[in-house]
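Visitor: Chains as they are written, first to last, in full-length UniProt numbering: chain A, 1 to 327; chain B, 1 to 289.
One or more hints might be untrue.
Claimed, not checked - Over 10 Å on every C-beta distance to chain B, these chain A residues come out as not near it, computed from the model:
id, residue
1, Pro78
2, Val116
3, Leu173
4, Arg237
As the list claims (entries may be wrong) - Here are a few chain A residues that sit away from chain B, every Cβ distance over 10 Å (derived from the structure):
id, residue
5, Ser71
6, Gly83
7, Asp89
8, Asp93
9, Glu95
10, Trp97
11, Val101
12, Arg102
13, Gly108
14, Gly109
15, Val112
16, Leu113
17, Phe184
18, Gly234
19, Phe236
20, Leu241
To be verified - Partner residues aside, some chain B positions facing chain A, computed with beta carbon under 7 Å:
id, residue
21, Ala36
22, Pro39
23, Ile55
24, Asp58
25, Ala105
26, Val127
27, Met129
28, Pro131
29, Ala134
30, Val139
31, Asn222
32, Leu242
33, Ile267
34, Phe271
What the hints contain is simulated information worked out from the structure, not anything from laboratory work.
Just so you know, even glycine gets a beta-carbon here, dropped at the ideal spot from N, CA and C.
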Amino acid sequence: MSAADTTTPAKVPPPRQAPPPAPKRPGGKRTSGGAATPWLLLAPCLLVLVLVMGYPLLRLVTLSFQKFGQSQLWGFQPAESVGFDNFTDVLGDDEFWTVVVRTIVFAGGAVVLTMVIGMLIALLLQKVSGWLKTLINIVLVASWGMPVIVATTVFKWLFDSDYGVFNALLSKLPGVDMIGHNWFASGPQGLAVIMLLVVWGAVPFVVITLSAGLTQVPKELEEAARLDGAGAWGVFRFVTLPILKPIIVMLTTLSVIWDMGVFPQVFVMRNGHPEAEFQVLNTYSYDRAFVVNDYAQGSAIALLTVLLLLGVVAVYMRQMLKIGEVE
Amino acid sequence: MSTATVATTDGAAPAAARRPSRLGWNLLGLLVFLVAGFPLYWMLNTAFKPAKDAIDPDPSLLPTGITFDNFDRALNIADFWGPVGRSLIVSLSVVLVGIVVGTLAALAISRFAFRGRKIVIVGILAVQMVPLVAMIIPVFLLLNDLGQYDRLTGLIITYLTFVLPFTVWTLRGFIVNIPRELEEAAMVDGCSRTGAFIRVVFPLLAPGMVATSVYAFIQAWNEYLYALMLLSQKNQTATVWLGNFTTKHGTEYAPMMAGATMMAVPIVVLFLLVQRKMAAGLTAGAVKG
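Excised from the complex, chain A in its bound form (with noise of 0.2 Å):
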């Protein structure tokens, strides 16, 4: 595709942004090499995104329609059509759907609670002295440069059943004995402390974010919303929400397509095996293809996950799109 693009004689219209011609140079010569030039820039990034990501996007959607298990794998059979055999199936079935209620609800308090939460701590920076704004934030760095894994299997330790910090500190408190409560015999406690750990991982993006986003609010609106008579509620609601609006939304819909593909943390915490009250829709689709064998499955949870998705990942590349059309 990309090939026969750089081809493409020099019939493009005069191009939007054009630099002004330098006066030294004969114009002809710019114009051709102004045509062709992005393309061959662009040839070896197209390249390699077809082959590592367009093959294996195509090869998600036809094994999906497929039947393959072991015996395609190892080349005994060859794969066979099936028509929508694999949706139906993945469709029709009950715990299919208790997965996708249990991966909706899990990634939206996720995302309510890292932004809720993300937007207060914003706030309070621009409250707290100097000295501990540099505390927090480099705490908050440390703790957002830490591999998800060193993080998951730090928060395995910390709500250890028998010798967990967590357990020793709540039986602190007088009348709660906790030692030995084992939070993953349950899959709602687990997966709650699943959440806390990505919200503690995602946090520190968004307050980063927004407390750059807060420094660009023109510190005169605020005033005049003040003398105008808004209250602190006020000047936030009505001033600082609808300028900061544009990176709420891109933080919002990237924490939902974050979120709703968690799969480490789940995988990591059950230790390679998640229980059936712990699978989220990525651990299902992962379990259906390298567990059960079942890879054509696998791909349509997979591909079904993308469709749910697709909605949000629309509203972000329109704010990024946007946001990159300012220059």
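Starting from the known structure of chain A, fit chain B onto it as the hints suggest.
Guide: Leaving out everything else, chain B in the frame of chain A:
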């Protein structure tokens, strides 16, 4: 501290009402600091703790003495330097390819106007949105067919799927912040387009490229799922190595925290170094939209 001066320069609220509230905000801030930092602190605390103190049902919150035994144990539980070496090879190769290919593409979409530019931008953004987990099944089958299962090259190529779009988009952000007039001035003075890039744009872009490289390196280094699925046990990378502390007999937490510390500290330091630069690149112009 300088509460009084801050309050007076602020002007809007009376200074007397400000002073106690600043203290309240600071206390709240301190709480945030403690809660957010606790997991990090506890990781370090456990890593340096004598192993018997780590399995105390009523652990002391303060350090109980410093020992390096846990690190010793962590280094010996399974080969450590092999996985680290492999992670380094993979991450550095990914960064090298990503940054060269990515810079060219970023230049194209930020400095040239051409038909299809918007489609390319949308495509690169869209590719970034495809969840990695959805791709693992076809990628696994593909590498299996190509005989690239359990090879580092297979992993490197796979990592480009998420490093490359990110690199292109971030570098684009840095490039659009470099005034086009500088390049034009150089071209008026007789530079070729390539010359103008090498002499003018490149020096200005270099810090952004470094930051993007470090960030891409961290992403590749931290990746877990592909490393787990596409490499066998004997070729595991650093993130997968951390799983060795959990066996069916239980988990050795103190050495595991030592291992976690060894993995996290270099990455966190790198991250602290480039974060400011990255945040600036990511949010530039965001508010104006």
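Visitor: Evaluate each hint against the coordinates.
Guide: Okay, the hints, checked on the actual structure:
1. With 10 Å as the threshold on Cβ separation, the claim that Pro78/A sits away from chain B holds: the shortest Cβ distance comes to roughly 14 Å.
2. Distance check on Val116/A: its Cβ is at least 14 Å (rounded) from any Cβ of chain B, clearing the 10 Å threshold; non-interface status holds.
3. Distance to chain B confirms Leu173/A as a non-interface residue, since its nearest Cβ pair spans about 14 Å, more than 10 Å.
4. Listed as outside the interface, Arg237/A is consistent with that label: its C-beta sits roughly 17 Å from the nearest C-beta of chain B, beyond the 10 Å cut-off.
5. The claim that Ser71/A is not at the interface with chain B holds, since no C-beta of that chain comes within 10 Å of its own (minimum 14 Å).
6. Every beta carbon of chain B lies more than 10 Å from that of Gly83/A, the smallest distance being close to 19 Å; the non-interface claim holds.
7. With a least CB separation of 16 Å from chain B, Asp89/A remains clear of the 10 Å interface cut-off, as annotated.
8. With a closest Cβ-Cβ approach of about 18 Å to chain B, Asp93/A is found to remain outside the 10 Å limit, as its non-interface label requires.
9. Against chain B, the non-interface label of Glu95/A holds: every CB pair exceeds 10 Å, the least being about 18 Å.
10. No Cβ of chain B comes within 10 Å of the Cβ of Trp97/A; the nearest lies about 19 Å off, and the non-interface call holds.
11. Its beta-carbon lying about 19 Å from the closest one in chain B, Val101/A satisfies the requirement of being farther than 10 Å from that chain.
12. A cut-off of 10 Å between C-beta atoms confirms that Arg102/A is not in contact with chain B; the least separation is 16 Å.
13. Listed as a non-interface residue, Gly108/A keeps its Cβ farther than 10 Å from every Cβ of chain B; the least gap is roughly 17 Å.
14. Under the 10 Å C-beta cut-off, the non-interface status given to Gly109/A relative to chain B holds; the minimum distance is some 18 Å.
15. With a minimum CB-CB distance of about 18 Å to chain B, Val112/A clears the 10 Å threshold, and the non-interface call stands.
16. Remark: the non-interface label on Leu113/A is consistent with the geometry, its nearest Cβ contact in chain B lying 13 Å away (cut-off 10 Å).
17. Look at Phe184/A: its CB is around 13 Å from the nearest CB on chain B, clear of 10 Å, so calling it non-interface holds up.
18. At roughly 13 Å from the closest C-beta of chain B, the C-beta of Gly234/A stays outside 10 Å, upholding its exclusion from the interface.
19. Its beta-carbon lying about 15 Å from the closest one in chain B, Phe236/A satisfies the requirement of being farther than 10 Å from that chain.
20. Every beta carbon of chain B lies more than 10 Å from that of Leu241/A, the smallest distance being close to 13 Å; the non-interface claim holds.
21. Evaluation of the Ala36/B hint against chain A yields a held restraint, the C-beta minimum of about 5 Å falling below 7 Å.
22. Given hint, Pro39/B at the interface with chain A, holds; its Cβ is 5 Å from that chain's nearest Cβ, closer than 7 Å.
23. Proximity of Ile55/B to chain A holds as hinted, the smallest CB-CB distance being about 5 Å (cut-off 7 Å).
24. Contact between Asp58/B and chain A, as hinted, is supported at the beta carbon level, the nearest pair being about 6 Å apart and thus within 7 Å.
25. Taken as an interface hint, Ala105/B checks out: its beta carbon lies about 4 Å from the nearest beta carbon of chain A, inside 7 Å.
26. Because the beta carbon of Val127/B sits about 5 Å from the nearest beta carbon in chain A, less than 7 Å, this interface hint is met.
27. Among the interface hints, the one on Met129/B holds; its C-beta lies about 5 Å from the nearest C-beta in chain A, closer than the 7 Å criterion.
28. Annotation: Pro131/B was flagged as interfacial toward chain A, and the flag holds, the nearest CB pair being 4 Å apart, inside 7 Å.
29. With a cut of 7 Å, the hint placing Ala134/B at the interface with chain A holds, because the nearest CB-to-CB distance is about 4 Å.
30. Interface hint status for Val139/B: upheld, as the beta-carbon distance to the closest one in chain A is roughly 5 Å, under 7 Å.
31. Here the hint on Asn222/B is kept, as its CB sits about 4 Å from the closest CB of chain A, short of 7 Å.
32. Hint on Leu242/B holds. Least Cβ distance to chain A is approximately 6 Å, under the 7 Å limit.
33. A cut of 7 Å between beta carbons decides the hint on Ile267/B: the least distance to chain A is about 6 Å, and the hint holds.
34. The beta carbon of Phe271/B is positioned within 7 Å of a beta carbon in chain A (closest approach about 3 Å), and the interface hint is therefore held.
Violation of the numbered hints given earlier is absent; every hint is satisfied by the structure.
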